[in-house]
Amino acid sequence: MSSELDALVGRKWKKPPFIKRTWLRWTLGLGFVAYLIAAFITIDVNWSRVYEGLDRGAAFILAFTSPDFISRATDIRDGILESIIMTVAASVVGIAISIPIGLGAARNIAPLPVYLVCRGIVAISRALQEIIVAILLVAIFGFGPLAGFLTLSFATIGFLSKLLAEDIESMDRVQAEAIKASGARWLQWINYGVQPQVMPRLVGLSMYRIDINFRESAILGLVGAGGIGATLNTAFDRYEYDTAAAILIIIILIVMALEYLSGIIRAKVQ
Amino acid sequence: MPVLEKNGLKVWQRRTQGESLMRWAAWLTGTAVFVYCWQQISESTTWFFVWDAPRIAEDIWSRATPPRWEYITQLGRPIWDTLNIATLGTLIALCLAVPVAFLAARNTTPSATFIRPIALLIIVSTRSINSLIWALLLIAVIGPGVLAGVVAIAIRSIGFCAKLIYEAIEEIDHTQVEAITATGASRWQVMAYGIVPQIAPAFAGVAVFRWDINIRESTVLGLVGAGGIGLQLSSSLNVLAWPQVSLILLVILAAVVLSEWVSAKVREAII
Chain V
1 MSSELDALVG
11 RKWKKPPFIK
21 RTWLRWTLGL
31 GFVAYLIAAF
41 ITIDVNWSRV
51 YEGLDRGAAF
61 ILAFTSPDFI
71 SRATDIRDGI
81 LESIIMTVAA
91 SVVGIAISIP
101 IGLGAARNIA
111 PLPVYLVCRG
121 IVAISRALQE
131 IIVAILLVAI
141 FGFGPLAGFL
151 TLSFATIGFL
161 SKLLAEDIES
171 MDRVQAEAIK
181 ASGARWLQWI
191 NYGVQPQVMP
201 RLVGLSMYRI
211 DINFRESAIL
221 GLVGAGGIGA
231 TLNTAFDRYE
241 YDTAAAILII
251 IILIVMALEY
261 LSGIIRAKVQ
Chain L
1 MPVLEKNGLK
11 VWQRRTQGES
21 LMRWAAWLTG
31 TAVFVYCWQQ
41 ISESTTWFFV
51 WDAPRIAEDI
61 WSRATPPRWE
71 YITQLGRPIW
81 DTLNIATLGT
91 LIALCLAVPV
101 AFLAARNTTP
111 SATFIRPIAL
121 LIIVSTRSIN
131 SLIWALLLIA
141 VIGPGVLAGV
151 VAIAIRSIGF
161 CAKLIYEAIE
171 EIDHTQVEAI
181 TATGASRWQV
191 MAYGIVPQIA
201 PAFAGVAVFR
211 WDINIRESTV
221 LGLVGAGGIG
231 LQLSSSLNVL
241 AWPQVSLILL
251 VILAAVVLSE
261 WVSAKVREAI
271 I
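Those sequence lines, one after another, are chains V and L. Using full-length UniProt numbering, the letters of the first sequence correspond one by one to residues 1 to 270. Using full-length UniProt numbering, the letters of the second sequence correspond one by one to residues 1 to 271.
Only chain V is shown next, with the shape it has when bound in the complex (with noise of 0.2 Å):
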């Protein structure tokens, strides 16, 4: 037996401590606590109105149990609808832009300068949150649903670009290599050499992107971007929570079946 085990026998093993250094230990876990006592503090809380409050939300949740589809179903159908179609019309848009400027991203196949552009459109559009482009597309092409359009056609881009970039630079580079030795042209090479490499994974984001979308179009409303987003506001505004929660329900099945699609056509792609 080793004397290192030697000395190890019979004490009682304990787990080592996630940071070995017993000050940055201390100091990190001390700090972190100082923060939130600090945090904690500046939060003012007026406790008597969440108490007051605490009736509605009990009448929000029962909500759940009795959602009202009927009252505002016009509404509510409109509502859903426009979501539904800036989603598949931002998606439409946003995958056809995306691609060449996923192509233009990734390092491997894109010449600087073009390289370097690309990257500033996907930084741009990640950097802005969907609502903020919202506020000022809805500012500059007035309320309606082209607003919303953009703004998700603009986030997708970001979006999409930057992860299709990212595969095509960790693609397998022999087999493109092959295409081009046999004197393929550029689009041919693309078309035949990195096309079969990434689509399959350019086909599962697209599928979560179409589910981010749908999801981001149903709060675009609020700053009058189109979607149902207007419509929950209203409900919201006027107490009126089992059309909340019916709303509600209508997005969370959505997001299901558009989940459960998203699966079947990623398992027959790959």
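In case anyone wonders, no lab produced these hints; they're calculated from the structure. Values in this document were obtained by computation on a predicted structure and should not be read as measured data. Note that beta-carbon positions come from the ideal geometry of N, C-alpha and C, so glycine has one too. Do not take every clue at face value.
What the simulated footprint calls covered on chain L by chain V, stretch by stretch (three residues with Cβ under 8 Å from a Cβ of chain V suffice, anywhere in the stretch; the number is not a length) [unchecked claim]:
| hint | stretch |
| --- | --- |
| 1 | 44 to 52 |
| 2 | 121 to 133 |
| 3 | 145 to 158 |
| 4 | 220 to 231 |
| 5 | 239 to 253 |
Assemble chain L onto chain V, guided by the hints.
Chain L in isolation, oriented as in the chain V frame:
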């Protein structure tokens, strides 16, 4: 590989005729749906405003620049609130997500037929509803303010965190769990020494990742009255104080970039 006979010559084709017909039909349907959607959007758009858009954009730009820099002194507290909403919200969400994740994972759930579907329902429903909608709802219930923001972010994050954690739990190495069980450990000891160490890196990664997302989301919660810097944004927008709006947007952008940097560094250090 389908091969077609043409004038006695064999021609290679990528797909059979039936397949390509199906594809063609799918593309046609897709295009028709898109055209219909576009037509609907077009109908509910006031095109007069759209043609005017370049002029309006230029107008807004000229009003918004230069940003009103001295306004930044009033943004300290809102930024602090935003940070608190994101951090406290993430912490609460993680505390709630861990039990949900253990109930949802196939290998740790007490009952796959009864409890697992409930856990999955919690995951889907909290994830599918945006934090702004949760905030809207909570403001109606507990009143406007930072607390509503914290709770909204917390509820919204449960599904995301629980989903990623339960996937990590399902992917653990079973031999380690068996080894701990073989020593005669109790159920809780198996959990603490067999499962938790294996998912700890994933857990930390999820926590930081979600914190980063929550910083983004908490910057706009104020638009519906749930505290943070969004409150300043909406009040500036309401009075059309564009120089303030542009400054706030710059501050939000800086916060988002900074949080992304911090989370990338922390993730590098942990994993």
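Checklist entry - Among all the numbered hints in the text so far, which are the ones the structure does not match? => result Those not satisfied: there are none.
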